[in-house]
Amino acid sequence: MRSRSALRTTATVVVHLLMLAAVLLLWNSDAPQFIYVAF
Amino acid sequence: MLFLANWFWGFAAVAVPVFWLCPARLRLAWLLIASLVFQWHFAGAAGMAPVLGLGALTWAAGLSGQRWRGWSAAGVVIALLVAALAYYKYSAFLLASLASVGAAIAVDTPGWWTTWHGPAVPLGISFFTFEYVHYLYEVRVHGRAPVRGPLHFAVFALFFPTLAAGPIKRFPEFVPQLDRLARPDWATAWRSIGRIIRGLFKKICIADLLVEVIQPLEATPHYTAPLVLLLAVLQGWRIYYDFSGYTDMAIGLAGTLNLTVPENFNRPYGSTSLQEFWRRWHMSLSTWIRDYVYIPLGGNRTRRSLNLLAAMVLCGLWHGAAWNFAAWGLFHGLGLAAESGLRRVAPALFAESLAGRLFGWAVCYAYVSFGWLIFFYPLETVGRMTRALLVWS
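So the protein sequences, as listed, match chains H and E.
Residue numbers for the first sequence follow this note's numbering, so the first one is 33 and each next one is one higher.
Residue numbers for the second sequence follow this note's numbering, so the first one is 26 and each next one is one higher.
Derived from the structure by calculation, the hints contain no laboratory data.
Every residue gets a Cβ at the ideal spot worked out from N, C-alpha and C, and that includes glycine.
One or more hints might be untrue.
Per the computed footprint, the stretches of chain E lying under chain H, defined by three or more beta-carbons under 8 Å from a beta-carbon of chain H, are [as the list claims (entries may be wrong)]:
| # | stretch |
| --- | --- |
| 1 | 221 to 229 |
| 2 | 260 to 268 |
Calculated from the model, a selection of chain H residues having no Cβ within reach of chain E, i.e. all distances over 12 Å [claimed, not checked]:
| # | residue |
| --- | --- |
| 3 | Ser35 |
| 4 | Arg36 |
| 5 | Leu39 |
Please work from the sequences and hints to get the whole structure.
Shown next as structure tokens:
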């Protein structure tokens, strides 16, 4: 049970690190504005 | 740019750790200072005047029991809030529309009605005016205790994670949290940082990439039915990932300050009816429209269909001063009214069986997706798209 929980935590951390890496890779300071900020 | 601006990340890198480290009694003041700096940076001095001025009036009216010619102070300030929203956001649109009507019926209107562009729209005006109206309505109509502390009210009004685009907060849930401001525990902090990362991912890696796909499709000179269907689906996912990404970041940022703000989305595209869709899409706005427009108009009690149409047209116009937004609201209002009627005359259509739910999902998804075409494009373009779909060219 404890190992399954540790595995899930590790997977969550890895997925978020991958997401962060993708964000940094595609970071664009001229990105389109959030749609709803214009409202 | 807001949450995507480099300045913002420098600001957050100071604002959040200082909140964690400063003594508990100073945290509220620090939140206000940080929110003022955020507003000053993104809106400038002119943009600060409406949120501060209207906020001060709202706070004072909430405390005042005075009446003026039969109007309560809250009623006067609600009228003022509506007038301010109309002036900043809709005046140019209204004058141009009136000038068009005048031209159609050969009545002269002043030339400046068509050339005036209106004042610069203050950052977040659609959101903070709705929060102020909610506050006054709850205090005066539902008899809730007003917020006595000016600092508490100012933080409710200016809270930087939600200032620009919501979620639209409710003061009975938000303000009591300000009395127990504390550093978040590690689990909350990590969960909130994870939410911010997911929000960034949704915006930068999904919504903005969808824009790259959509733009060349939009530039196609001749719309075909498959292209229109594709645009409807892509725009639907684009706006979902854009706005739910923003919302994730706002909720995550609030979480790093150990504060909870409302959710906006609950898997809306899994809805099996329009009614369900509006309980899952932009929930902080749809519940606001329900509580402060639909129910006061009579809700389900009288003229239900008319109330639905009025509430949804207002919901559409809230998104912007353009006829396509009004048409989008009307389109959803008509859909909701038709669905409500069908529920009464043909309840079998809304069966809870797997087939019934699948049918409901398909109809709802198709309806909502077509609605995004009305939302994103001028009505003339929507007309051309609709013709392409109808003749399947």
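To see whether the hints hold, each was checked on the structure:
For the stretch 221 to 229 of chain E, the stated coverage by chain H holds: 6 residues have a C-beta nearer than 8 Å to a C-beta of that chain, and at least 3 were required. Using a Cβ-Cβ cut-off of 8 Å, 3 residues of the stretch 260 to 268 of chain E lie near chain H, which meets the minimum of three, so the contact claim holds. Consistency note on Ser35/H: stated as away from chain E, and its beta-carbon is indeed over 12 Å from all of that chain's, at 20 Å minimum. For Arg36/H, the condition that its CB be more than 12 Å from all CB atoms of chain E holds, with the nearest at approximately 18 Å.
Distance check on Leu39/H: its Cβ is at least 17 Å (rounded) from any Cβ of chain E, clearing the 12 Å threshold; non-interface status holds.
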